[in-house]
Amino acid sequence: MEKLQVAVASNFSSTMQRLIPSFEQQSGYRVTASYASSGKLFAQITHGAPFDIFLSADGERPHRLEQLGLVVANQRFTYATGTLVLWAPEARSPEEALQQLQQGRFSFLSIANPKIAPYGAAAMQVLAKLGLDQRFIKRTVRGENIAQAYQFVYSGNAQLGFVAKSQWIDAGDNINGVVWAVPTHMYSPIDQQGVLLKRAEQNPAALAFIDYLYSDGAKQIIAASGYGGLTQTITVE
Amino acid sequence: MKREIQAHFKASRGEFHLDARFTLPAQGVSALFGHSGSGKTTLLRCIAGLEPSIDGSLTVDGQCWQSNGALFIPPHKRPIGYVFQEAHLFAHLNVQQNITFGQRRLKPHERSMTFDDVVAMLGISHLLKRAVTYLSGGERQRVAIARALLTSPKLLLMDEPLSALDEQSRADILPYLERLHDELSTPIIYVSHSQKEVSRLADYLVWLEQGKVQAEGPLQRVMGRFDLAATHGDEAGEVVIAKVMQHDEYYCLSRLQCCCGELWVKRVAGEVGDEVRVHIPAKDVSITLEPATDSSIQNIWPMVVDAISEVEQGQVMLQLRAAGNRQSPPLLSRITLKSFERLQLSVASHCYAQIKSVGLLS
Amino acid sequence: MKREIQAHFKASRGEFHLDARFTLPAQGVSALFGHSGSGKTTLLRCIAGLEPSIDGSLTVDGQCWQSNGALFIPPHKRPIGYVFQEAHLFAHLNVQQNITFGQRRLKPHERSMTFDDVVAMLGISHLLKRAVTYLSGGERQRVAIARALLTSPKLLLMDEPLSALDEQSRADILPYLERLHDELSTPIIYVSHSQKEVSRLADYLVWLEQGKVQAEGPLQRVMGRFDLAATHGDEAGEVVIAKVMQHDEYYCLSRLQCCCGELWVKRVAGEVGDEVRVHIPAKDVSITLEPATDSSIQNIWPMVVDAISEVEQGQVMLQLRAAGNRQSPPLLSRITLKSFERLQLSVASHCYAQIKSVGLLS
Amino acid sequence: MVMDWQPVWLSLQLATVTTLLLLVIATPLAWWLSQTRSFLKQPIAAIVALPLVLPPTVLGFYLLLLLGPQGAVGQFMQQLGLDTLPFTFAGLVVASIFYSLPFMVQPLHNAFESLGSEPLESAATLRASPFDTFINVVVPLARPGFITGIVLSFAHTIGEFGVILMIGGNIPGETQVLSIAIYDHVEMLEYSQAHILSAGMVLFSFVVLLSLYYVNHRFEMPRR
Amino acid sequence: MVMDWQPVWLSLQLATVTTLLLLVIATPLAWWLSQTRSFLKQPIAAIVALPLVLPPTVLGFYLLLLLGPQGAVGQFMQQLGLDTLPFTFAGLVVASIFYSLPFMVQPLHNAFESLGSEPLESAATLRASPFDTFINVVVPLARPGFITGIVLSFAHTIGEFGVILMIGGNIPGETQVLSIAIYDHVEMLEYSQAHILSAGMVLFSFVVLLSLYYVNHRFEMPRR
Ligand SMILES: Nc1ncnc2c1ncn2[C@@H]1O[C@H](COP(=O)(O)OP(=O)(O)OP(=O)(O)O)[C@@H](O)[C@H]1O
Ligand SMILES: Nc1ncnc2c1ncn2[C@@H]1O[C@H](COP(=O)(O)OP(=O)(O)OP(=O)(O)O)[C@@H](O)[C@H]1O
Ligand SMILES: [Mg+2]
Ligand SMILES: [Mg+2]
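Protein chains in written order, with the working numbering: chain A, 268 to 504; chain B, 34 to 395; chain C, 34 to 395; chain D, 8 to 231; chain E, 8 to 231.
Source of the hints: derived by calculation from the structure; they are not laboratory data.
Any given hint could turn out to be false.
To be verified - Heads up, simulated DSS-like pairs for lysine-lysine below, C-alpha to C-alpha not over 30 angstroms straight-line:
(1) C/K276 to B/K371
(2) C/K229 to B/K229
(3) A/K270 to A/K486
(4) A/K382 to A/K396
(5) C/K229 to B/K371
(6) D/K48 to B/K162
(7) C/K187 to C/K229
(8) B/K110 to B/K140
This is chain A alone, in the form it adopts within the complex:
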């Protein structure tokens, strides 16, 4: 039976773990997922990593892979859209969280590294919109990825943090404070895109998995995990 290797950006890992059982049940295929940052996965894929599908945290890297001709053309698809929230463990209401940010009532603000993580870039856009992007440079700590941005707040070292809504949902009840749901117009959409690698062009399991991602069941799971779930194929410009 065909085995399916999916390379998944770390920030989507918990959602992926919910998708896998349901897919496996439906299709009978077995999926193994490898998690790492999109940058690492990109480097690995360009050096022959044995992946069939790559679910990136952004659109840039799948695009580059397409340009390099390593993936099946015209198959790039957005499987999830990230949603940014501002987490304030000490605040009692979303408004207070926003005020805390605007008034600078924190020692450290945590974001993902804007250079390498789409959530970080989005957070910077929000700060710019609020006119705060230059003010807190020395008080802004940047995680390698959105998970570290979350950990900075979780450990109490940062009092505010732009994290992913999916993380907030994952954490469930055992978490303090409130989040301010950042209006989506304040940042360009965090489109998380996926591609089918050339080696898997004929792999029925891979094709089945992509089909599955378009399915309602998958969309539901993704949406419930805190993503603006829309799965669509993007054709090459």
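Fit chains B, C, D and E with the ligands to the known structure of chain A by using the hints.
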């Protein structure tokens, strides 16, 4: 107050049991003497404070250095110099740096030895810039001696310091050690298994066997004891104190007076009136019934046989005393049983003891 | 083919220049003798192959071991036993494991020594299970000797192996070394600065000074040389080969015959007819003009004065030969100038040499 | 929570294999460094330590370049008809060896140098060939150096994940070792699982290290 | 490309300060380990090596918890009126020290043990106090151990970024060290920048290490 070193150390190491109690004069040279493995090194280390786990007490010249767990002066605060059995030089320092290591840690007024003297005496001036790795065994040992001397110690501990040295080097160093205790009155505790060295140097002897003190006392008394003499074969003998009476510069001789009679010896260094120590090996004392007149042997004393013991088969040890002087210390003579029978000697026999002058130690 | 060891080594180490060429008999004991720093250890290391950077050639008993860069047999392929100046035991092995380290690497038929013999001879049976850290200096040296002996070497190299040992241990080991070269005809090259040890043990002598061979030859010839004798003070003397003629069990004496005459000595171990070596120290030979009859000295030979030299001021060295035998090897006697003048001795004077029997080495 | 033992086994395997191979590789290298008087000694000693100065992920990246199908080594291996190393267990081993080399070489080098020449010379005069001497004299006398090398390499390989993530690709059952698994848990905010695994790992390592030190202690040479 | 020198300086500063402080901390610890006969010796030696077995990021996470305002250490520091350590240079130093401790302690421990008691005893009989002896005899004789400890700690601190990223927060000019900068380039697929920085880092480190080894060589004790 009497200048003394009182020590008592007790410890068990595997099958080796140390239990040594002794009192040494805190002046002159005391020898720790004994067979290999008898505990000499261990005892010396105790005195230096290098065996803090060994229980014991030690008083040096009225000062308590260690007292059964209650007091323990650490080694670097004891004013000692220590020459280890193996040289133990510092591998990262050259010869000169090794030698001055201790000296540099003294205040100027504490320094009673000068670098130039010590280096010249030990004949190591050509080695000063050398890495210690490139020293020969004997050179190593001389450097170690220099290093210990330059700490200007109040008590010098030496663990067989001359064993790797040739006669020439020994002959250079021994007089210096003698000067050390004569002029600076630095007491020396000297570990050795050479009876010759001991009798040349030591005033006082502690004889160790299996961690216990077997005999202890002034050199003369311990060396004169028959049991000791019997054990140590060829080197048994008597040490007598003699007074310099006259120097004969032409013949290069000195006339000494000792209890038993006159003694002509090779010109000694001292002044007329000085006291010198003379070791008379039992095997160098021969016996005649009549005084020989045409012999190259110059020292002939009339004696009386005081005691007789058979040392080994075929060998007889005679204890003699000066004829007409009941109180004179004993003189030992070892002769063959055959000669003994031929000369028909017995206790109270009168005879003449011949001593070869050049066979004497100064 | 003549059994010989031919060696020539040349090297410069800082100010030390080695350039030693010599030929030794490949049997018996050869001594490398010289002052501290004269290059004895370096030379011994060359022979063992431990100085591959030193140029030289070495042929042992017809086999070439090294030849000026063209050939170099590595040390572990040379059938030698080496006793280092410092014991160099393996710290990770106990005494027994140290001793058998070399033996275990021999094929059974190559083993000519037995463990039990060697251990008993060196008196280390009680130490076998001990960690080497806990050995005394002398114990350490004995273990090192045992370790070298158990490699059943075809050539034994010993660097002052007895210097840390007391008389008792020496007396135990020396006869064994003698047996080694007598029974197994294992040649021994022996480094020593003790003339006494050398004259007791060695057949052949190489005298080193500052890296050069100063004198070389059979012991008798080299030791008899006046210059050597003069240098080494008290221990100068003559070594003569003598034949055992008779044992007197009652008196525990043996009668030896040597070129100059008869010699009564303490009972020796050999059989009647065996040859033994006798060292006659110059200072133990006294001179009379008439033979003493009532003396404890048993050995009295009629001699003729062959040569006279003044050794030091006040001391005269006489070279004697047997009266009526122009070819006899010389006998040395040291007497004082005073006696010399009193006895009116001159070249060709007749006299009697008195030798104290117990003063002799076996 | 169902415990997934595979990463644990994989980590232990990786650390064991790496440490063993490091012993094989580093021992002769360290020995050469300790004995040579070649002018290459210092440069090579410096090169050995170099992998340390790069961030592990970056090092992994360069290893990926080198070992991958376009890299020099990768092309060479393909010419030999072999698979390329990245994303395989063998690749993990190669990367770990490369990265942990200084942890093994340095302590061994020190230990060998501090022996001095005496034991070697004694052994040679006792008929031991150089190899025999090395095994029966040098190795036991250099034991503390070996222990340190083993401890540092083993612990470091267990804990390392930057290089391994990059070269291994975090493929469950193949290259997903424990350190990556813990990392994943932390990333997924599954802190309790991460705590359990971390605590287990620390405890296990503590027991292993402690036993090693006690065994070492038992064989220690007695000191005065 | 405009070169940003700040991460470079920061890395050098961090590595230097860490190595110096490690010398201060590890030397007495290693000395104690080498001299003690306490039953605590083995457990403490094992604990020193433990930070190695956790993935650096995970270790960083736990340090973050421990040093943070809710952590035991953080609370203690706050009670003393001090700022908490995470996201400060001081925090980086503390984390680096913690993580690199075994690289300094282990080689020193070995070097001290291989000295034996002879030099200490000789020095004591030559009037040198224990401290004097330590400075003038033990330290020079243990030089190879110090060199190894310094090389491993320095190189490792330069290259480490998992712990540092976590504890430092990658604040440009404050806690963004070179290793993180290179990492970022790789993640951003800016490979040419990464290549330049890496090559510079490797070259620089090579020169530093080589000089260190040559200096060490000059002071080496002569061997037969
Ligand atoms: N830990 C130990 N276990 C067993 N025996 C020990 C231990 N430490 C020392 N010894 C023994 O104690 C004895 C005394 O040793 P020490 O070094 O004092 O002898 P020594 O008189 O100096 O001998 P040498 O003349 O040979 O140097 C030796 O027999 C030695 O083997
Ligand atoms: N690398 C070197 N540089 C300078 N001198 C050296 C070097 N190596 C050895 N020497 C010198 O060579 C000489 C010979 O040393 P060797 O060990 O052979 O002497 P030895 O005859 O065995 O003396 P000992 O009786 O004292 O042991 C010594 O003076 C020593 O200092
Ligand atoms: Mg001793
Ligand atoms: Mg020598």
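A/K270 paired with A/K486 [C-alpha distance capped at 30 angstroms]: 23 angstroms, holds
Pairwise hint evaluation, B/K371 against C/K276, where the allowed Cα distance is 30 angstroms at most: Holds: C/K276 and B/K371 sit about 21 angstroms apart, inside 30 angstroms.
Pairwise hint evaluation, A/K396 against A/K382, where the allowed Cα distance is 30 angstroms at most: Answer holds: A/K382 to A/K396 is near 18 angstroms, not above 30 angstroms.
Given hint B/K162 paired with D/K48 - CA-CA distance at most 30 angstroms: 27 angstroms, holds
B/K110 paired with B/K140 [C-alpha distance capped at 30 angstroms]: Measuring from Cα to Cα gives roughly 14 angstroms; hence the hint holds.
Agreement of C/K187 and C/K229 with the hint, judged by alpha carbon distance not exceeding 30 angstroms: Between C/K187 and C/K229 the Cα gap is close to 26 angstroms, so the pair holds against 30 angstroms.
Pair hint outcome, C/K229 versus B/K229 [Cα-Cα no greater than 30 angstroms]: 13 angstroms, holds
Agreement of C/K229 and B/K371 with the hint, judged by alpha carbon distance not exceeding 30 angstroms: 27 angstroms, holds
Violation of the numbered hints given earlier is absent; every hint is satisfied by the structure.
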